[in-house]
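Colleague: Here is what each chain is made of, one letter per residue.
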Amino acid sequence: MLDDFMVRATLAGVGVACAAAPLGCFVVWRRMAYFGDATAHAAMLGVALSLALQTSVFVGTVAVALAMAVTVTVLSGRGYGMDTLLGVLAHSALAAGLVAVSFLSGVRLDLMAYLFGDLLAVGRLDLAVIWGGAALVVVLLAWRWSALLLSTLNEELARASDIDPRREEMFLTVALAITVAVAIKVVGVLLIAAMLIVPAAAARGLSRTPEVMAILAGAIGSFSTVAGLRAAYVFDTPAGPSIVCVAAACFLAVTLATGVGRRGARRG
Amino acid sequence: MSLIDLQHLTLRYGGNTVLRDVNLSVTPGEIVTIVGPNGSGKTSLLRAAIGALTPASGRVVRAPGLTIGYVPQKLHVDPTLPLTVDRFMRLAPGVRRGTGAVRAALASAGVAALERRQMADLSGGQFQRVLLARALIRKPDLLLLDEATQGLDQAGSAAFYQRIEQVRHETGCAVLMISHELHVVMSTSDRVICLNGHVCCEGTPEVVASAPEYRALFGTGTGGALALYRHDHDHKHDDGCGHGAAAHAREAAE
Chain D
1 MLDDFMVRAT
11 LAGVGVACAA
21 APLGCFVVWR
31 RMAYFGDATA
41 HAAMLGVALS
51 LALQTSVFVG
61 TVAVALAMAV
71 TVTVLSGRGY
81 GMDTLLGVLA
91 HSALAAGLVA
101 VSFLSGVRLD
111 LMAYLFGDLL
121 AVGRLDLAVI
131 WGGAALVVVL
141 LAWRWSALLL
151 STLNEELARA
161 SDIDPRREEM
171 FLTVALAITV
181 AVAIKVVGVL
191 LIAAMLIVPA
201 AAARGLSRTP
211 EVMAILAGAI
221 GSFSTVAGLR
231 AAYVFDTPAG
241 PSIVCVAAAC
251 FLAVTLATGV
261 GRRGARRG
Chain P
1 MSLIDLQHLT
11 LRYGGNTVLR
21 DVNLSVTPGE
31 IVTIVGPNGS
41 GKTSLLRAAI
51 GALTPASGRV
61 VRAPGLTIGY
71 VPQKLHVDPT
81 LPLTVDRFMR
91 LAPGVRRGTG
101 AVRAALASAG
111 VAALERRQMA
121 DLSGGQFQRV
131 LLARALIRKP
141 DLLLLDEATQ
151 GLDQAGSAAF
161 YQRIEQVRHE
171 TGCAVLMISH
181 ELHVVMSTSD
191 RVICLNGHVC
201 CEGTPEVVAS
211 APEYRALFGT
221 GTGGALALYR
231 HDHDHKHDDG
241 CGHGAAAHAR
251 EAAE
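Residue numbers (full-length UniProt numbering), protein chains in the order written: chain D, 1 to 268; chain P, 1 to 254.
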């Protein structure tokens, strides 16, 4: 079964969607969209470094994504607005990564594969890494779920319940770094943030509790993967962007449906 | 034995000292109110008490196993976060689904019907009741309130403070609260602490209200507030309820 590249691609995409769903919810709730973007862009530098040092791309991207997250946390609140800081860091890291890659002589690098993903080339080992990383993220978030929710809602409420919001934030940062590293192969550096945010945003309109939103985001993400891959196969379009397009269509559909419903309810 | 003991507490934000050498302790069953002008360090003091601020010097000693209930000044629920009242109540550690604890807590706060509503759809008064119900669900030894009646009208905040006194009476929990509604709060407090970067004066409501430091801080407004307070206070005692009754109950318990 795993011999079929479409099956491997689908499984890889669904794995990433499952990890990205609960994490994406926190990214949306905590307004960390740019933070996710910055961490993802920094992964390009991680790719370059791991190629230069001949280590696995997974290890390199996790390390650089973590370093990026820590840098942002340390620099925040030192006179620059968060969006300015993230804008500077995200694009610098991406640019530095692209420049660093060009220095690598002797390495024939398909840049497009890292920028937009190379889902159809997922091998058995890639699949194992993706599912291992995704499972780690899901377990981590399930374990810290309530404490993370309370920290997200209000720092003082968390403190009063003996929860350290900074510690919980660290769990999120680690989960984000792992997700970025496993998602590179699927959607690429430029579209990872979309896998985090778009399914979660689409699920918001349909959810009454945080848990339902996380599960629905996973369902929407998985559906987008399957449908997007199918579309890519039929229309011969790039796989990663096709998946994101389906997710965006889901978001649009939910927004229109619930928006119209809500307006009707208000009038009534 | 005090529940919480702030010893020579000094707090700094950046280069600014917001609190200097504050000593404050709360004993079981006591209602302590902190008053003070804006920027006097009231909220910082409460944040230090729950451990959200690290003191520059001095220390915060909590009784072993102390459970704290906290009601924030305001709670912003991000519109992207779907949250029912029931789910919000269960966000406290140790509160399980289906034990009836949530329903009981909401019922005693008078908001039982709101269980399935979204937090974002509640009115100011309902929101405040739910916040208090959640703070009480873990049966706290100490309740911390940070200007909890902001956004409520006068009747609403009077009802809120009545409820606080009732809670103290029923559960015996101590209360440490910040308020700017001096006249309303004074009639329910055992002790008032007037704060302005340091403790200006403290004591029973009567002592603080007549202290020159307090009058200097609250200036011309004091006369009116004081008159209103006196009026309120006399009225309560005529009814033979509230402050006096609760104080007796506490003495009996000790």
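Certain hints may be false.
What the hints assert, rightly or not - Stretches of chain D that chain P covers, calculated by requiring three or more beta carbons in the stretch to come under 8 angstroms of a beta carbon on chain P:
1) 52 to 63
2) 161 to 170
3) 199 to 209
The set of hints was computed from the structure by calculation and includes no laboratory data.
For glycine and all other residues, C-beta sits at the position ideal for the given N, C-alpha and C.
Colleague: Each of the hints needs a verdict: does it hold here or not?
Modeller: Tested hints:
1. 52 to 63: It is violated, with 0 qualifying residues against the three required.
2. 161 to 170: Holds: 3 residues of the segment 161 to 170 of chain D have a Cβ under 8 angstroms from chain P.
3. 199 to 209: holds (count 5)
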